[in-house]
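With these hints in hand, go ahead and build the complete structure from the sequences.
Residue numbering for the sequence shown follows my numbering, beginning at 253 and increasing consecutively.
Simulated from the structure, these hints should not be mistaken for laboratory data. Careful: at least some of the hints might be erroneous.
To be verified - Cβ pair distances, simulated, as ranges:
1) Gly499 to Asp342: 35 to 45 Å
2) Leu419 to Pro340: 13 to 23 Å
3) Glu659 to Gln368: 44 to 54 Å
Claimed, not checked - No more than 30 Å apart at the CA atoms, straight line, and that leaves these computed lysine-lysine pairs for DSSO-like:
4) Lys524 to Lys514
5) Lys328 to Lys410
6) Lys579 to Lys556
7) Lys388 to Lys438
8) Lys279 to Lys388
9) Lys388 to Lys357
10) Lys407 to Lys388
11) Lys283 to Lys510
12) Lys420 to Lys407
13) Lys573 to Lys542
14) Lys442 to Lys283
15) Lys438 to Lys279
We treat Cβ as the ideally placed atom computed from N, Cα and C, and that holds for glycine.
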Amino acid sequence: MGDQKKSHIVIIGAGVGGLAAAGLWSKAGHKVTLLESHYAVGGCAGYFRRPEGAYDVGATTLSGMIGNRPLAKLSKDLGLNLENELVPCDPGITLWDQEFIHLRKGIDEIAQEFSQLGVDLDEIKEELKRWSEIEKGLWSFLEHTGSFPYLDPLKALKVGLENIDLLKNPAIFTKTFYEFLPQKFKENQKFVKFINGLLLVSTQQTSHTCPAFMGIMGIMYPRDTWLHPQGMMGFCQKLVEAIEKFGGEIRLREKCLKVDYKKDQIVVHTNKDVYQCDKVIFNIHPELVKEMVDHCSLNTIYAKKLKQKGELWGAMTAYLKIPNPVKLSYQYLQCHIDAQKNRLGIGTLFYSFSNDSKRVTVSSHINLNGDFDSIRENKDKYLCLKQEYAQLVRETLAMVCDELNLEDIWLESVGTPKTFRRYTGRARGEVGGLIHNSTLSLLRLIPNKVVKDKFYHVGDFSFPGQGIVSVIQSAYNTLE
253 MGDQKKSHIV IIGAGVGGLA AAGLWSKAGH KVTLLESHYA VGGCAGYFRR
303 PEGAYDVGAT TLSGMIGNRP LAKLSKDLGL NLENELVPCD PGITLWDQEF
353 IHLRKGIDEI AQEFSQLGVD LDEIKEELKR WSEIEKGLWS FLEHTGSFPY
403 LDPLKALKVG LENIDLLKNP AIFTKTFYEF LPQKFKENQK FVKFINGLLL
453 VSTQQTSHTC PAFMGIMGIM YPRDTWLHPQ GMMGFCQKLV EAIEKFGGEI
503 RLREKCLKVD YKKDQIVVHT NKDVYQCDKV IFNIHPELVK EMVDHCSLNT
553 IYAKKLKQKG ELWGAMTAYL KIPNPVKLSY QYLQCHIDAQ KNRLGIGTLF
603 YSFSNDSKRV TVSSHINLNG DFDSIRENKD KYLCLKQEYA QLVRETLAMV
653 CDELNLEDIW LESVGTPKTF RRYTGRARGE VGGLIHNSTL SLLRLIPNKV
703 VKDKFYHVGD FSFPGQGIVS VIQSAYNTLE
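Below, the structure is given as structure tokens:
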């Protein structure tokens, strides 16, 4: 990028993808203006303040710090010093389904936990080692995908030869993770149920629909899980400081209304100002882009992608406070409950404790293709939904965690897809980007370079997909 003409870049949306892009383009010497319609940055990985401290909105964990993975690379490139500030989570995640399973960082320890589910210890250990080698190759391959969906075949072959486990296992790109499992593991219903629960956290789907290559990365996720001592607020603040250090500007409470493109000149209109710029990077929902931009080829691309987005998922969230916290052996806890025993039909609850254990973010997936719209438009039904969810998360935590009684767990607030719609502008409040059921479904993602040298897209609806580590990679892909 050193030989490129210095440009004025306007970035719309200060989610982690937008923050990362702002930092990288600012460091490269470009004039960067980052617009955010709300009072705080971070998006779905952001935070909100209360007297007792900051609560993480949705995303609570960081990953991608091993080797040259995206977050480690970003920390080095922007001088974030995360390698000295982040706390490694070990166990990376704890699952409860009538008993506890702790997924730690070491393969031997993970294998030992898996063996409690009835799989042979030596066999699962060997399989985990094989998956670990494949995972390394997948991360290496991800570094060379900036031109997606147009990949250089020679570069792809070179990466494959350097990571021979990818070439030896082509089935990871053609089978679901369940189909990829050894037959003995498939026949173990307890093991499959456990794997499905873990994949819901990392991929938003189960082994029966998740592509094998995504499943492998999802299973290995707990080995690369980190916590910022100040939560997502602390992480976002590091990115803000880096942007400002390199001369970038962040404008909060400034909503983009329209983007005009005429004769190679882009004009961005907001509720406060008008900006002339050379490039625009979108870090917002594609439906919002389509509404604000009048550009034929760009609109054609977005319209096509929106038709292909498939199944929609939303999130129920609850924010709990524990005035008298207790010391727990885990930071992140996923509880499996009987979906048929609660009217909400929720089968998993994911509890994420702050570093001091005084605040807890709880989340659950709900399918937006059902009748949720009719519920949220009825005030009584909507309030009842929130009350039932609050009761469910408090009672489940008190039941699972012996150290806490129900009266120890206070409710701060409850969030629903309606809440996410208000704060993200996503039409139905969906979260997490697109759900993939095959390698080809990656083609539904918006390319990071939408219109060459003019319009870019980062975030969970763009390549390579959902998760903080992915949206950081999407920011890197705008540079190449």
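Structure-based check of each hint:
1. Gly499 to Asp342: 35 to 45 Å: Once the Cβ atoms are compared, 38 Å apart, the range 35 to 45 Å for Asp342 and Gly499 holds.
2. Leu419 to Pro340: 13 to 23 Å: 32 Å, violated
3. Glu659 to Gln368: 44 to 54 Å: The hinted range 44 to 54 Å is violated for Glu659 and Gln368, with Cβ atoms some 33 Å apart.
4. Lys524 to Lys514: With Cα atoms ~21 Å apart, Lys524 and Lys514 stay inside 30 Å; holds.
5. Lys328 to Lys410: It holds: about 26 Å lies between the C-alpha atoms, which stays within 30 Å.
6. Lys579 to Lys556: The hint is violated at about 50 Å.
7. Lys388 to Lys438: Given that 30 Å is the threshold and the Cα spacing comes to 24 Å, the pair holds.
8. Lys279 to Lys388: 28 Å, holds
9. Lys388 to Lys357: 15 Å, holds
10. Lys407 to Lys388: 17 Å, holds
11. Lys283 to Lys510: 20 Å, holds
12. Lys420 to Lys407: 17 Å, holds
13. Lys573 to Lys542: Measuring from Cα to Cα gives roughly 40 Å; hence the hint is violated.
14. Lys442 to Lys283: Outside the cut-off at roughly 54 Å; violated.
15. Lys438 to Lys279: 49 Å, violated
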